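As they're listed, the protein sequences go chains D and S. Be aware that the first sequence starts at 36, since it is given in the working numbering, and climbs by one per residue. Be aware that the second sequence starts at 36, since it is given in the working numbering, and climbs by one per residue.
Note that these hints are calculated values from the structure, not bench results. One or more of the hints may lead you astray.
To be verified - Below, a list of computed lysine to aspartate or glutamate pairs in the DMTMM-like style, where the Cα atoms sit at most 20 Å apart:
hint, chain 1, residue 1, chain 2, residue 2
1, S, K125, S, D140
2, S, K43, D, E40
3, D, K53, D, E155
4, D, K125, S, D140
5, S, K43, D, D140
6, S, K151, S, D78
7, S, K154, D, E111
8, S, K88, S, E56
9, S, K125, D, E111
10, S, K125, D, D140
11, D, K154, S, D118
12, S, K131, S, E99
13, D, K125, S, E141
14, S, K131, S, E111
15, D, K88, D, E44
16, S, K90, S, E56
17, D, K53, D, D140
18, D, K125, S, E111
19, D, K43, S, E44
20, D, K43, S, E141
21, S, K43, S, E99
22, S, K125, S, E141
23, S, K125, D, E141
24, D, K53, D, E40
25, D, K90, D, E56
Claimed, not checked - Listed next, with one range per pair, are the computed distances between beta-carbon atoms:
hint, chain 1, residue 1, chain 2, residue 2, range
26, S, S64, D, R148, 29 to 35 Å
27, S, T47, D, Q55, 17 to 23 Å
28, S, G83, D, D118, 21 to 27 Å
29, D, E40, S, D59, 35 to 41 Å
30, D, E99, S, W93, 34 to 40 Å
31, D, T47, S, K53, 36 to 42 Å
32, D, T129, S, W94, 26 to 32 Å
33, D, D96, S, M77, 44 to 50 Å
34, D, D140, S, P130, 28 to 34 Å
Stated by the list, open to error - Not everything, but these chain S residues come out facing chain D in the computed CB check (under 10 Å):
hint, residue
35, G42
36, E56
37, V69
38, E70
39, A71
40, G112
All values reported here derive from a predicted model rather than from experimental measurement. Think of the CB as a built atom: it goes at the ideal place given N, C-alpha and C, for glycine as much as any other residue.
Number of protein chains: 2
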Amino acid sequence: MTTAEIGKEVATLCRQGKNQEAIDRFYSSIIESVEACAMPGMDQTQRGIQAIKGKNQWWADNHEIHGGTVDGGTVEGPFPNGDRFILRFKYDVTPKQTGKRMTLDETGLSTVRDGKIIKEEFFYAM
Amino acid sequence: MTTAEIGKEVATLCRQGKNQEAIDRFYSSIIESVEACAMPGMDQTQRGIQAIKGKNQWWADNHEIHGGTVDGGTVEGPFPNGDRFILRFKYDVTPKQTGKRMTLDETGLSTVRDGKIIKEEFFYAM
Numbered sequence: 036m037t038t039a040e041i042g043k044e045v046a047t048l049c050r051q052g053k054n055q056e057a058i059d060r061f062y063s064s065i066i067e068s069v070e071a072c073a074m075p076g077m078d079q080t081q082r083g084i085q086a087i088k089g090k091n092q093w094w095a096d097n098h099e100i101h102g103g104t105v106d107g108g109t110v111e112g113p114f115p116n117g118d119r120f121i122l123r124f125k126y127d128v129t130p131k132q133t134g135k136r137m138t139l140d141e142t143g144l145s146t147v148r149d150g151k152i153i154k155e156e157f158f159y160a161m
Numbered sequence: 036m037t038t039a040e041i042g043k044e045v046a047t048l049c050r051q052g053k054n055q056e057a058i059d060r061f062y063s064s065i066i067e068s069v070e071a072c073a074m075p076g077m078d079q080t081q082r083g084i085q086a087i088k089g090k091n092q093w094w095a096d097n098h099e100i101h102g103g104t105v106d107g108g109t110v111e112g113p114f115p116n117g118d119r120f121i122l123r124f125k126y127d128v129t130p131k132q133t134g135k136r137m138t139l140d141e142t143g144l145s146t147v148r149d150g151k152i153i154k155e156e157f158f159y160a161m
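Based on the sequences and whatever the hints tell you, model everything.
Following this line, the structure appears as structure tokens:
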């Protein structure tokens, strides 16, 4: 699969809320995941497939998603260039810790090597 | 200025159609500009402020812009992470060469050093 094809598949799975399946199918075991800022109790950069799965599970467990990925309208892309692609995400969520409904609006830059995503970097305003 | 502040200024200028002013104010003389594919008669990667100004002028001269930046609705971001930020652009244009109206939908990843943009990379599907 080309980088753009992988990006399309990942975007489709994210639209269906199947983020863990996207990780299983397309993430390298040595995946590195970089946030724009550290999440509570986590390093800004996480390394290895188990850490990234854990971060995704933490996110899913700690946010109520009102709309977004499931309705198909809020994962845009992929925007490819060479061995990388960008996706744009919008989520309407309530973090369970704060109870305050908010919009998460961010972009993710993924780098592909040998058919697997080896790095993802998230860009968003704080 | 922080990277995010530079991103905001660049986005604002692009919304006003003042791309050349954004280049004058925020681009390093050693700016490197990378397209997802080469434009007609140009290399995929352009280097130096004069080459980048030339590319922007070529683009402006060869496209009729119907909507987009001037109406303020189609430059989104910045989405920052560290010394980089992403902008998302949508343009409703007719390339003068083809005469066929189309939507350009892309993201740009900019890297900042010492208060100036030293690299811009454009991501889009072909």
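Which of the listed hints are broken here?
Violated hints: 2, 6, 7, 14, 19, 21, 27, 30, 32, 36; rest satisfied.
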